[in-house]
Every structure is written in structure tokens, then in C-alpha cells.
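Trainee: The lines below spell out each chain.
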Amino acid sequence: MSTSAIDKYQPVIGLEVHAQLSTLSKIFAPDSTEFGNMPNTNVSVITLGHPGTLPKLNKKAVEYAVKMGIACHSEINDFTFFDRKNYFYPDLPKGYQTTQDRAPICKGGYILIKLKSGEEKKIRLNRIHLEDDAGKNMHLAGEVDTLVDYNRAGVPLIEIVTEPDLRTSEEAYALMTEIRKLVRYLEVCDGNMEEGSMRCDANVSVMLKGADQYGKKVEVKNMNSIRNVQRAIDFEIERQVSAIESGEEIFSETRQFDAVDGTTHGMRTKEELNDYRYFPEPDLQPVVIQGAWLEQIKATMPPLPQMLYAKFKSFGLSDYDVQVLTDTKEVAIYFDAVCAHTNNYKAAANWISGPIKSHLNELALNVSDLNVTPAQIADIIRLIESGKVNTTIATQQIFPVFLEGTTKTALQIAEEKNIIQQSNTDELIPMIQQILSKFPDKVEEYKKGKVGLLSMFMGELMKVTKGKADPKVATELIKKTLES
Amino acid sequence: MKRYNTLREVRSDIASGAISCVTLTQYYLDNIERKKHLNAYVEVYANEALAQAAIVDEKIKAGTAGKLAGMVVGLKDVLCHKGHGVQASSKILSGFISQFNGTAVQRLIDEDAIIIGRQNCDEFAMGSSNENSAFGPVLNEIDPTRVPGGSSGGTAVAVQADTCLVSLGSDTGGSVRQPAAFCGIVGFKPTYSRISRYGLLAYASSFDSIGIIARSIEDTALVLEVIAGSDDNDSTVSTTVVPEYSKSTPYTKKASVCYLKEALESPGVADDIKEVMRKQIASLQAKGHTVEPVAFPLLDYILPTYYILTTAEASSNLSRYDGVKYGYRSSNATDLLSLYTKTRSEGFGKEVKKRIMLGTFVLSAGFYDAYYTKAQKIRRLIKETTEGLLQQYDFVLTPTTTTTAFKIGDHSGDPISMYLADIFTVQANICGIPAISFPKGTDANGLPIGLQLMTRAFEEESLLTFTQSLLDD
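Protein chains in written order, with this note's numbering: chain A, 22 to 505; chain B, 388 to 860.
In case anyone wonders, no lab produced these hints; they're calculated from the structure.
Predicted model only: the values in this text are computed from it and were never measured.
Quick reminder that beta carbons are idealized off the backbone N, C-alpha and C, glycines included.
Fair warning: there could be bad hints in the mix.
What the hints assert, rightly or not - Cut-off 25 Å, straight-line C-alpha distance, at most; resulting in silico cross-link-like pairs (DSS-like, lysine-lysine): (1) K106/A with K794/B; (2) K106/A with K712/B; (3) K729/B with K157/A; (4) K740/B with K106/A; (5) K729/B with K106/A; (6) K712/B with K157/A; (7) K429/A with K463/A; (8) K764/B with K106/A.
As the list claims (entries may be wrong) - Some but not every residue of chain A turned toward chain B, in silico, with C-beta under 8 Å: (9) F56; (10) G57; (11) N107; (12) K115; (13) L381; (14) A385; (15) L386; (16) D390.
With the hints as extra help, turn the sequences into a complete structure.
Mentor: Here is the structure:
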């Protein structure tokens, strides 16, 4: 299809993001929520909807949803209740899902995303509500029957519903990234789309640019990565534009994304549209969230990425540095802690994205596993600032000692290892003169303009000093001696 | 063996050595066998009950027995009893064994009650005659051509026919009180949320209550005291402290009682019942209680409100019976849709299907506000009006039923006339207030008549003691 056709249209996109809450037990039953167990082992009579059972609300799930709401600037509904959404499907043990239709736990709010231009865009939320997950139908190879695994049934979910504020698939990508970052900062969900603990349905429509009415929206499901959310939306936009351009009508439907070929295809026809017959769940009391409980939840809120982003920007760091530093909460908090001990923020950033990161990557560790304290990193930075060691030496000789665990200061280590660098002019000048006298031809070449030889002389000096010469001082001295 | 009316009598005869739990249990088992034609029981746990009786006898000797030692009880087939079948007298739960004890059942067991069997009822507690059961109708012992009432028909007949001392039933719109009235015994429904619903098969969650059928107020009080109270497994249960109902002091105050005018004026109420009402009113007045007639302007809205809301909840509560996980599954299914339709068409009886369809309709898009929302509003009005009445008066007196036990098959062609029979009992469930049916005389045919008292929420204690004072007449 021609780009010009696409350009005539304005895509309008809204997302419904399901995040499995990382509570230890299910939303209405004490069963474990652990992923990957043998089928139908995390099930009790409540999960299976045995006659006579009743739901019992997991308070933790409520608290997690409230946290997400606070992080998204939502209004926390002080009187929230559950509704039943009725439909038949084998993975739904009770014949209804317990969800929130009329009084969601969080109303409104927004999430800020960063556009490529560097601008920020506010994506408004319609709501965040709590509900229970369904089980899983399984079609095993060689098995004629469909089997059902109810381990997932009853795992708590929040559904984050945005307003149709997204205009491109890139924006959707950015939003998903931001949501994943938020749930991970809050530790309410592991954000793992491959395992299905975070899922996304995209509502996509297109309209002619300047039109005042949205087109018919199509719901696209089954994207198991953020990348695939973007791909699915891209495909859907093109499909809809080309359909309209060739005179077809778009009708509201649910389409399934196929990650293999990047296309979407229709799932059910209109006739099968369900009437879910929502009504208030009579087996659960409304939940009142206010006063001490709300304050208690607020008190457990970690620093949020937006806050840390702004703080680190105020340190004078580049967008790139700040992005990397706020990518995960652990790194951001570690960096923030280093910065409490030093004002050399750039150096702190470099230490984290350099030596620390490569050490962690090498051993596949997390920042939380690191046994070097932020104060020790600041200590190394101060030693480098004082000119007593250079960064390379510090990385190779001091950092590993800290990694092994020590109570010594960076200076003590440097002294013990005899690596305090020489910046004493009186000691260095005779050494430089001696080196230059060994290479008269090179000196000639340098004088003729081959300034690159400077590094060779430097290398020789480092050999003699066993790397302890202060590079800055030494460079100046070599230059001076050559030119004298 | 003589017919026992209270646990106190039982315990006194055990203490004197006249009987033991084992001989008493055997007596009840023999009665069950002799009265098999009444069809009160779905399943009898003869060996288990006898074994339990022997254990309780030992405990009584050792002085370690619980409050209900010596009480032989039966359970309506809607109460979960670990390792035992429970199927709400429905084909759809054929072969289903409960994996847990409901809270009330557990509390009975903990106090050494002996459970003798599970009892026939209207399918999923939907009915007023016990004719809607997959196990066939239950017969009224006084006149086996007549119904025992419903839905707890088997439960009432089991006590009526002296096959156990007490039974637990369930009461969503009168299902304990109406059969108790038809059978000439006591039927009690506490405040909604007073007894945990965990382990009670749901019909309509916001109406359902476990109820007690007994031969005496004192046994009713004792069992209530044991099974009521907060429960971690039911988030809707009340945490209000449970008084020791069994130790209540007799009612000595002068009560103010109102009765519904319609009870004496409506042509729908049988003359013999009106006569018993008049006598009761006169006797109350003679004792110095205030008795006044009141009009209840919302009476006509009670049944529609009840049937809209209970069927709505039932349509959802019964969705889990789909043939996928347990119970009956049609062998004629060829795909998923036919698995559902055939299983449910074959597994549910006519009345249940009727109510599921009605409930599905009132909840469906486009009709929801006209029916469900409106009915919720009227429910609130009825509740507020009733509460207003109960601020003026301590008790509301009505007949429990408009007629005495009718003939089997009488209403089979006319569901509305059957529904109307519940007019007086449904109000307590709509409002969530406690209500009791107590036997008061008989009609010209010798059929028992029951009167009903209702009172304010959580005032079971005065309801029971006041009722006792009327029975002592």
C-alpha cells in the first residue's frame, strides 16, 4: 500500500493491559500462585468452584492495585465492589468471572510516556480494576480431548484500561514499557509478557485525519511481547486503511495476532457476542479503602521512575544516562545512594554503567546481589578525584578487592598495592628524559609532526612506573620535554 | 422408645441409663426404615451414625462431651459434609462428594452432634412443596397425600416423623418456615449473615440462610448458639457477638406486636388460619401485650421483587454446573456447546430451568435496569418500611402460610398460585431479618397451622424467648 494512503489516516489506539499481581496466594482463595507447577496442583475447592464454596478477598491484591493506582495518579475509590461477569467457558470454573464493572478500585489517572522527539505525552487512564484470572485450556499433541489446567484460575489481575489517547504503535510500545517499569518498581507484577504475567489487548481504529468521529474499533489479542504489541498494531492499521481504501467496511470484532507472520485474524463473529449480564457479586462485601489503611499503603510506595528521572536529570546527566539508570528500580536506588556520598554524579553514573554493570552481567547477578556498598563506590570516586589513582587502575585493582569484601578504604588498598600514582614532576622528568634518549629517531618523527607517538612514549613511561604515573601530569610533562 | 422433644429430655434419659446414644440412634434408624415411603432421606449414614453414637456415649461417660452430645441431626441435601454426597436433590450433581465440611456442619460435629443422613428437598431449594426433586416428592406424615412444604420438605418431615431430633435446612424465601408450618414443628431462620453460608449450596446468595427445624425452641436456641457467628470462609457473615441463646431468660416484658391486616382480611388466607390468628391476637392481648393491625402497602411488590432478584442470582450461582469439572455430564455431547446445553438440559429439572431462564432474562442487557435495578430499589424500600415498622413494634405477627398443606400435584399447573403461598415468609428474606414459624393448632382436617413472628435484625434472642412464651400457653 502506498504511504500516501496511510498518511491520510489517523490511527486511534487504546490498550487494556492485564497484569498478574505477584501475591503469594490467589485473589479469593489461599492456593499458591506459583508459576510452572504441575497442572491442577494449585487448586482448592474454592478455585474449582465446588458447590458451597465462597470467595475470600486477598487484602494484598487490593493493596497492590491501590499502589498501581497511586503510581498512575488515579483516584482511589474509597468504596469499591466486585461484579460478576457471566459466561461459559471450560477454563472459567464458576461460570462467571469476578471482576469490577461499576465501581473499579482506581478511577482515571495517567501515565507519562517519552516520545522519540524527547517530548512527554500524557496517556490518560480510564480505570484500573481488580479481577480473577481464568485457567488455561490445553490442547496436547496426540490428545483428542481438550484438557484444562486451573492453576492460573483465581490468580489476581489488575486490568489497566487507557483512554484512546495513543496515535502510533511506537507510543503503544512506549506505554507498555512504562507500565512494565512501573509494575516492577512497585513489585506488584513481574512484568513478564512471555510467561503471560503481563498481557495486552489493543483497541485499534483509524479515521481520516481531521475527522471528528473515531472509526469502528477492532480488538487485537494474543501479543506475548511488547515488540509484538507494536507489530500487531502496525499490521492492524495497515489492514484497516487498506480495507477502507478498497471500499470495505470495518466492523467491530476481536482479532488474534499471529506472531509468526505478524498478521491478525478474526476470532469470533458478531452473532457470538456475549451478553455478560454483569451484576454486583453478592458473596463479597464492598471494600472500603480509606483512612489508616490507605495511609499505610501510601507509606509503602517506593520512589517512582518519573521522580527519580527528574532527580537524576537535575544532576546534569544526559537523557541517555538517566534512562539507563532508571530502567530498573534496583539500579536507580543504588545510583541514588552513591550520589548521597559524592557530588561527582557523572563519575557515579559511569561506574554503574561500566565496571558494576559488566561485573553483574558476567556473573548474571542483580544489583541487590552486589556486595560493594554505594559508600565504597563513592570512596573510589573520591580517590580518583584526588589524583592518587586513575580510573583504569581503580577498576582493575581496587574494585575487585571491594567485591571480595573488605573493611579497608580505597586509599588503604591503593597504598597496600603500591599503586598510588606518581604525579611528582621531579621524579617523572628524569624518567621521561631517559625514555626519550632511548628513541632519538622517534623524537625526530614527533617533531616532524607525528604527534601520535605521544602515546607510545606514555606507554613506555607507564611500563617504567608500573602504571602509576598520573596520565594527565605525565602527558603534559612528555609534551614539554619533547618540545624543549 | 418415647418420642423426645428436646435434647434436655434425651440427656436426662441418657444420664439415668434409660437410653444411650447408640440405642437412640438405632431407634431413629428404625423409624427411618419404617417411614421410608415418606421419602424424607436421600441417603442414610446408618453405620457411621452408630459408630459416632458409640464414641459420644464414651465421651458422655468421660465427661468430655460437647454441647450437642445426644442430638441426632439430619442435613438438608444442600449442606456440604466432607466425604458425603451433596447434590441439592438434582441430577446435575449426581455422584458428587463434598471435599469439605461447611462451617455450620463442622460446628455441629465439633459439639458431638450425630449426623444421621441427608434429606430430600426441592431441587436447589427452589420450590414450596418438595415436588421438584430428582429423588421424587416427599410426603407429609400427617396425610401422605399432601405435600410437606418446601423446599426443606425432607428436613421437616424427618423431624415430624421422629427420625431425628433436629435438622438443618436452608431458607431463601421461607424454605424452612413453610414446611415447618405444614408439618407442625418449629422452623427458624436467623438474621441474614448470622450463620456462615460456607458449605451451603447457593440458590440466591443475598437471601440464603441456613435455618433450623426442631421440635422445640430450646433446641433451636442451642443449635443456633453452636452454628452462628463469624467465619473466615464467608466474607458476608456477621461478626456480631453470638449470645448464649440457650441460657436466655424467659420473656417477661410487655411486647408491642403488629399483625398484617391482610392476614385477617385477604380472601387468599384460609378461614381456619384466620381463626388461629384471631385467637393468638386475643391471647396476646389478654396477657397484656399490645397488638395492633398495620397495613403493609408494599405487600404486592414482595413476590415480584423476590423472584426477580433470587432468579438473577440463581442464574449466575448455578452456572458452575456445566458438566466440565464434576457432577453429571451428558453422554450425548458432541462439542463444547452441546456439552453445556445437553448437560444442563438433562441435568436440571423444570423449575430450576425456569428460574435460570427468568434470572438470565432480568440480567440481560436492555432489561437489567427495568428489572434488576428496579427490584433492588424496591427491595430497599421494603426493607426500610419493615425496619420502620419494627421501630414501632417489637414483633410482626403473620400466618406462616395462606393455607395448610395442600395435596400433591395441586399447584403443578399453576406456578403463580404456588408462589403466592410464600407471600408471608418472603418478606423476612428480602429484609434479612430473623423469623420463626411455630405450630399453633390445626384446621378442620387436622392439618397443622403455623404462625410466624419476625423481629429486628440480630434480635434472635427475644424472638426465641417471646415465641417460647406463646408456646407455653
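Trainee: For each hint, tell me whether it holds in the structure or not.
Mentor: How the hints compare with the structure:
1. K106/A with K794/B: The hint is violated at about 41 Å.
2. K106/A with K712/B: Given pair K106/A, K712/B holds - Cα atoms ~20 Å apart, limit 25 Å.
3. K729/B with K157/A: Measuring from Cα to Cα gives roughly 23 Å; hence the hint holds.
4. K740/B with K106/A: holds (20 Å)
5. K729/B with K106/A: The hint holds at about 23 Å.
6. K712/B with K157/A: holds (14 Å)
7. K429/A with K463/A: violated (44 Å)
8. K764/B with K106/A: holds (21 Å)
9. F56: violated (22 Å)
10. G57: Where the cut-off is 8 Å and the nearest Cβ of chain B is about 23 Å from G57/A, the hint is violated.
11. N107: Since the shortest Cβ distance to chain B is 5 Å, the answer is holds.
12. K115: holds (5 Å)
13. L381: Since the shortest Cβ distance to chain B is 44 Å, the answer is violated.
14. A385: violated (42 Å)
15. L386: violated (41 Å)
16. D390: violated (39 Å)
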